[in-house]
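Asker: Mind assembling these two chains? They're in different frames, but the hints should get you there.
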Amino acid sequence: MKKLEEKIFKILMIGSTVLILSILLYILYVIMKKGLPSLSWDMISKIPSGGFYLGKEGGILNAIMGSLYLIFFSVVISLMISVPVVMYLNFTLRRKSKLAAFARLTFDVLFGIPSIVYGAFGFTVMIYFGLQASLLGGIIAISLLIIPVMIRSIDEVAILIPNDLVEATKSLGATNYETIKVITRQLLPGISTAVLLSVGRGIGDAATVLFTAGYTDSIPTSLTQPTASLPLAIFFQLSSPVEEVQNRAYAAALVLTIIILTLSFAARYFSRRLSKNKI
Amino acid sequence: MLKGRLLKDRIARHYMLLATIFSIFILFLIGGGLLVKSLPIMQEKSLWTLLTTSNWRPFKGDFGFASYILSTLYVTAIAIAIALPLSLLTSIYIIEYASPRILRAFTAVVDLLSGIPPVIYGVWGTLTIVPFISEKLAPHFVEFSTGYSVLAGGIVLAIMIIPLIISILIEVFSAVPKEMREASLSLGATKWQTVKKVVIRKSIPGIVAATVLAISRAFGETIAVLMVCGNFTTLPKSIFDACYPIPALIANNYGEMMSVPRYESALMFAAFLLFFIIVLFNVISRLVLIQIDKRYQL
Chain A
373 MKKLEEKIFK ILMIGSTVLI LSILLYILYV IMKKGLPSLS WDMISKIPSG GFYLGKEGGI
433 LNAIMGSLYL IFFSVVISLM ISVPVVMYLN FTLRRKSKLA AFARLTFDVL FGIPSIVYGA
493 FGFTVMIYFG LQASLLGGII AISLLIIPVM IRSIDEVAIL IPNDLVEATK SLGATNYETI
553 KVITRQLLPG ISTAVLLSVG RGIGDAATVL FTAGYTDSIP TSLTQPTASL PLAIFFQLSS
613 PVEEVQNRAY AAALVLTIII LTLSFAARYF SRRLSKNKI
Chain B
400 MLKGRLLKDR IARHYMLLAT IFSIFILFLI GGGLLVKSLP IMQEKSLWTL LTTSNWRPFK
460 GDFGFASYIL STLYVTAIAI AIALPLSLLT SIYIIEYASP RILRAFTAVV DLLSGIPPVI
520 YGVWGTLTIV PFISEKLAPH FVEFSTGYSV LAGGIVLAIM IIPLIISILI EVFSAVPKEM
580 REASLSLGAT KWQTVKKVVI RKSIPGIVAA TVLAISRAFG ETIAVLMVCG NFTTLPKSIF
640 DACYPIPALI ANNYGEMMSV PRYESALMFA AFLLFFIIVL FNVISRLVLI QIDKRYQL
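Here the protein sequences line up with chains A and B, keeping their order. With the first sequence counted from 1, adding 372 to any position gets you our numbering. With the second sequence counted from 1, adding 399 to any position gets you our numbering.
Next up, chain B with everything else stripped away, as it sits in the complex (with noise of 0.2 Å):
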């Protein structure tokens, strides 16, 4: 009978470590798989070249991919301006200003934002931003734009990131001890200067650490930013012209280009540097908040 009970004990155990080795090797098992299938590209040409040159002549044998990277990094800078400024007012009202109904009813709408699918935000985009841009907006500052651009894709993105960053912001702003708000409202300090000199202040590396996450989710967000920026290979002039970018590039060319082996190196290189880029930012903005969250715990 003892027997029996310990070895199920025993089996469990095993298949509990089995599965936690998996999981936490999936990380690794990702990295290695793109690292290798990357290989070949990055032995060709230099990291330098890939990076910096923006000629994509794939039969030719030319991957630069520079318009890519500069794609990315103009819609994910418009996200974060949006995103940023809007996400910081509503959550230091729904935590300092709001009563507990509203910060329980805003979890809601922030939890529904963050729960539709990024391709429902692509339809979302293509039937409202899309045409706005190109009949409303665009006329005023350039001549033709199709609307499918830079700052559509940016304006997606950055109602995409506004609940996640929203979510961590409610966290950091609420770690911040009541005793110390208490003890700047004693001293006469109004609720406005508490909020700016006290709790912001203190909330600033989780602050930092909340964009960093954001930037790292809108580098890597694909569909909806691939149904509206147009994809085109080229540099984008102003923000109401196409771009392309890495995460759009490799949905619209993976699979089929399994006949040209380098291609497919090109592509891989593509989301290895996405996945580099992406896991950096993850750590550390993590290791950041994981520190608040002990400081304030004890």
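Same shape as in the complex, but just chain A (with noise of 0.2 Å):
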């Protein structure tokens, strides 16, 4: 009897296991399936011409380098404010400060908040600046809403750096900042994860960039045109009625899915790879 019981709940786990992988290998093989035969050099390499929900010529050039501009220079922002804030709560304040912990908690509720109260405020805040749909607001959006991701997850790796080497940094008489750079070279591998990870998360997010970066044919010139997003080609195409344009959004969709699995199996090799200067 007890034996039948662990028996039925083995099948049971070893089911649902089972179950879990082989919905991400049927998602994967659906877009695949679909994205593959309207994928073409043409595709990637034109930007639509006669309108992007009705015209039946050109490809999803303007979202991929829409996207590629929106996600390069959240980034930049993003890493100008997420390194100097891991490196305070880590090494300057002190291991048991209140103020780390309270911050820490914030980041994990930002995490929690969803792309479209990030796309909504960002939208509120550009109204007030008096700002259009545009670049700009998008790359604003984008920032708000990975800056906690890359916080915490350079984080994760700076809590293991040992303590002993930012003592022997500083009873060498350096200064605090001076600490910190030699800390940054151990950082490193975490740091270019936590890209990896936050360029995954903010290029494949509809919502942010619905209201706030805006849609259009062409490849933006300047921060203030509105520009395209991968997501949102897929979003806004695929609603179309016109089958060409249809599968200009599958074949986005497939751009956007190979991007992320190469950011993700990057970020394993990466994490590996990039450890040997760690202690």
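Treat the hints as calculated values from the structure; they're not laboratory data. Treat each hint with caution, since some may be false.
Said to hold, decoys possible - Chain B residues, not near chain A, derived (Cβ > 12 Å throughout): (1) Phe543; (2) Ser573; (3) Lys636.
As the list claims (entries may be wrong) - Distance condition first, Cα-Cα at most 30 Å in a straight line; then the derived DSBU-like pairs of lysine-lysine: (4) B:Lys436 to A:Lys542; (5) A:Lys382 to B:Lys595; (6) B:Lys693 to A:Lys470; (7) A:Lys428 to A:Lys405; (8) A:Lys468 to B:Lys590; (9) A:Lys379 to B:Lys590; (10) B:Lys590 to B:Lys577; (11) B:Lys601 to A:Lys470; (12) B:Lys601 to A:Lys379; (13) B:Lys407 to A:Lys382; (14) B:Lys535 to A:Lys405; (15) A:Lys542 to B:Lys407; (16) A:Lys418 to A:Lys428; (17) B:Lys590 to B:Lys601; (18) A:Lys542 to A:Lys468; (19) A:Lys542 to B:Lys577; (20) B:Lys693 to B:Lys596; (21) A:Lys406 to A:Lys428; (22) B:Lys595 to A:Lys375; (23) A:Lys379 to B:Lys596; (24) B:Lys577 to A:Lys468; (25) B:Lys693 to A:Lys468; (26) B:Lys535 to A:Lys406; (27) A:Lys553 to B:Lys407; (28) A:Lys553 to B:Lys402; (29) B:Lys459 to A:Lys379; (30) B:Lys459 to B:Lys436; (31) A:Lys553 to A:Lys542; (32) B:Lys636 to B:Lys459; (33) B:Lys596 to A:Lys375; (34) B:Lys693 to B:Lys601; (35) A:Lys382 to B:Lys590; (36) B:Lys693 to B:Lys595.
Think of the CB as a built atom: it goes at the ideal place given N, C-alpha and C, for glycine as much as any other residue.
Answerer: Below you can see the structure in the form of structure tokens.
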């Protein structure tokens, strides 16, 4: 009797593990099956002509470039904020500081806030400053979204840095800033994993850029112009009645999925490879 | 020379403090901003009317959120009902029964699942779940369903929150000390009895915290749900009917509706409602998880 219960549950457990694995494979399979036939060189090297919603010609270059611009500037801004924050929490404040504990709780909560709230908030900020939907607006919203992702991810690695290293550096007469420069070397694998993680989160999110970045057929040439992005290219073009346009959505979905998969594997590779500086 | 070094140090220290205060401040900035924006509608109507009536006629000044709130609750309930048992079974299996290699491999699966953007889940849902419901499942129960329904939203959401629940559960189960398991085994308990009576019982606060976090994630999920739920402002009568969760309402109407000031305020109220509940849920569950961490790390 005892054994029977365990057996039933073991079957259920293996079943659900296999189910979750197969759902992942099924998602990837469906996206590939739909996207591969429409993916061509023209698709990724041309901007749509005749309007992205109805025009049959052209590809998704506007969305690819738009997403790259958005994520590049957002990551640079977030790095400039996240790295100092992690350094301050871990190596300037005392280990059991109340401020650090409060800050970490805040970042956990910020991490849980849905992207639509960041999008809506970003939009109000833009209205306040008189900005239209633009590349700049999208960059602000995405930066807000990925700052907590980045801080939490770097912080996870920073906590593991041995206190001895900090003390050894300081005992040689280094100032706090010089100590941090030494520690940054140790943190590089953590920082690169954090960047890859936040690129993945930021590049795929539609709700943040929905109001803030807008959508357009062309590639933006200044910060105040609206810009297309991959997630919105999927979202908008999928609902089009024209089949060629829908195919652009499937191609965009495949491109986005490939980017996400590459980032995910790169993150695993980096966190294993770059740790040779680790003590 | 020393002066220069000390100056650099001071500048760096101030910059780091500034960055820290700014990034903590983001949370309060968002909360405050949304609250200020939603004040006009809250002054005009009582909170009770806003939350419990379901008349939605923005141009006549009727803003009742009940059907959106109920839609959100239905979709979330289905998602949790599917995701929680699956995640529990899976994480117990990979922590207690499977080899370390399977644990490592499965962490990769969880990472990938949580990395897939919502819009991709939405595409997948419209291509597979929606036609499955309208062609195969719904005809057994109701006369007609487009497939864009409460159930479709629930299933897609379930898959999206599974990686979140599993990754927390893995940490929670691994936090149970090995000695406790060994004590139970040495008293003659079987592996399964140990899992049931020691590991799971010890982990109940963690399981609750994971569930609360998953609920708050499900509340806020926008694009994927928007793509498969049908977005129809009525009270859904069955799980095969269309529904209209709060985030989808904001996403569909915000931006265009700036010309109607009270409409904007109403949508900001919806965003504030989401923000408030999600922050509350997150704070509670994070505090529980921090407590668990502390108890076993000494």
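Asker: Confirm or reject each hint.
Answerer: Hints and how they fare:
With a least CB separation of 22 Å from chain A, B:Phe543 remains clear of the 12 Å interface cut-off, as annotated. Every CB of chain A is more than 12 Å from the CB of B:Ser573 (nearest about 15 Å), matching its label as outside the interface. With a minimum CB-CB distance of about 26 Å to chain A, B:Lys636 clears the 12 Å threshold, and the non-interface call stands. The straight-line distance between the Cα atoms of B:Lys436 and A:Lys542 is roughly 49 Å, outside the 30 Å bound, and the hint therefore fails.
For a cut-off of 30 Å, the pair hint linking A:Lys382 to B:Lys595 stands: about 12 Å separates their Cα positions. A C-alpha spacing of about 15 Å is found between B:Lys693 and A:Lys470, which places the hinted pair at or below 30 Å, so the restraint holds. Distance check on the hinted pair: A:Lys428 and A:Lys405 sit about 21 Å apart at the alpha-carbon level, within 30 Å; holds. Simply put, A:Lys468 and B:Lys590 have alpha-carbon atoms about 39 Å apart, too far for the 30 Å limit, and the pair is violated.
Simply put, A:Lys379 and B:Lys590 have alpha-carbon atoms about 11 Å apart, close enough for the 30 Å limit, and the pair holds. With a C-alpha separation of about 13 Å, the suggested pairing of B:Lys590 with B:Lys577 holds against the 30 Å cut-off. Under the criterion of a C-alpha separation no larger than 30 Å, the hint pairing B:Lys601 with A:Lys470 is consistent with the structure, at around 28 Å. Taken as a hint, the B:Lys601 and A:Lys379 pair is honoured in the structure, with Cα atoms around 23 Å apart against an allowance of 30 Å.
A threshold of 30 Å between alpha carbons decides the hint, and for B:Lys407 with A:Lys382 the separation of about 60 Å lies outside it, so the pair is violated. Distance restraint check for B:Lys535 and A:Lys405: the Cα-Cα separation of roughly 22 Å lies within the 30 Å cut-off, and the hinted pair is therefore satisfied. A C-alpha spacing of about 16 Å is found between A:Lys542 and B:Lys407, which places the hinted pair at or below 30 Å, so the restraint holds. About 12 Å separates the Cα atoms of A:Lys418 and A:Lys428, which keeps this hinted pair within 30 Å; it holds.
Proximity of B:Lys590 to B:Lys601 is assessed by CA-CA distance (about 15 Å); at most 30 Å being required, the pair is judged to hold. A hinted pair counts as satisfied when its Cα atoms are at most 30 Å apart, and A:Lys542 with A:Lys468 qualifies at roughly 19 Å. Distance check on the hinted pair: A:Lys542 and B:Lys577 sit about 38 Å apart at the alpha-carbon level, beyond 30 Å; violated. The suggested pairing of B:Lys693 with B:Lys596 holds, with an alpha-carbon distance near 22 Å, which does not exceed 30 Å.
Annotation: proposed proximity of A:Lys406 to A:Lys428 holds, straight-line Cα distance about 18 Å (limit 30 Å). Our distance criterion of 30 Å between C-alpha atoms is met by B:Lys595 and A:Lys375, whose separation comes to about 13 Å. Annotation: proposed proximity of A:Lys379 to B:Lys596 holds, straight-line Cα distance about 17 Å (limit 30 Å). Taken as a hint, the B:Lys577 and A:Lys468 pair is honoured in the structure, with Cα atoms around 27 Å apart against an allowance of 30 Å.
Simply put, B:Lys693 and A:Lys468 have alpha-carbon atoms about 12 Å apart, close enough for the 30 Å limit, and the pair holds. With a C-alpha separation of about 22 Å, the suggested pairing of B:Lys535 with A:Lys406 holds against the 30 Å cut-off. Using a Cα cut-off of 30 Å, the hinted pair A:Lys553 and B:Lys407 holds, with the two alpha carbons roughly 12 Å apart. Straight-line distance between C-alpha atoms of A:Lys553 and B:Lys402 comes to about 18 Å, which keeps the hinted pair within the 30 Å bound.
With a C-alpha separation of about 61 Å, the suggested pairing of B:Lys459 with A:Lys379 is violated against the 30 Å cut-off. Annotation: proposed proximity of B:Lys459 to B:Lys436 holds, straight-line Cα distance about 20 Å (limit 30 Å). Restraint check: the Cα-Cα separation between A:Lys553 and A:Lys542 comes to about 12 Å, which is no more than 30 Å; the hinted pair holds. Annotation: proposed proximity of B:Lys636 to B:Lys459 holds, straight-line Cα distance about 26 Å (limit 30 Å).
This hinted pair checks out: B:Lys596 and A:Lys375 have alpha carbons roughly 15 Å apart, not beyond 30 Å. Proximity of B:Lys693 to B:Lys601 is assessed by CA-CA distance (about 14 Å); at most 30 Å being required, the pair is judged to hold. Restraint check for A:Lys382 and B:Lys590: the C-alpha separation of about 11 Å stays at or below 30 Å, so the hint holds. Our distance criterion of 30 Å between C-alpha atoms is met by B:Lys693 and B:Lys595, whose separation comes to about 23 Å.
Checked against the numbered hints listed earlier, the structure breaks hints 4, 8, 13, 19 and 29; every other hint is satisfied.
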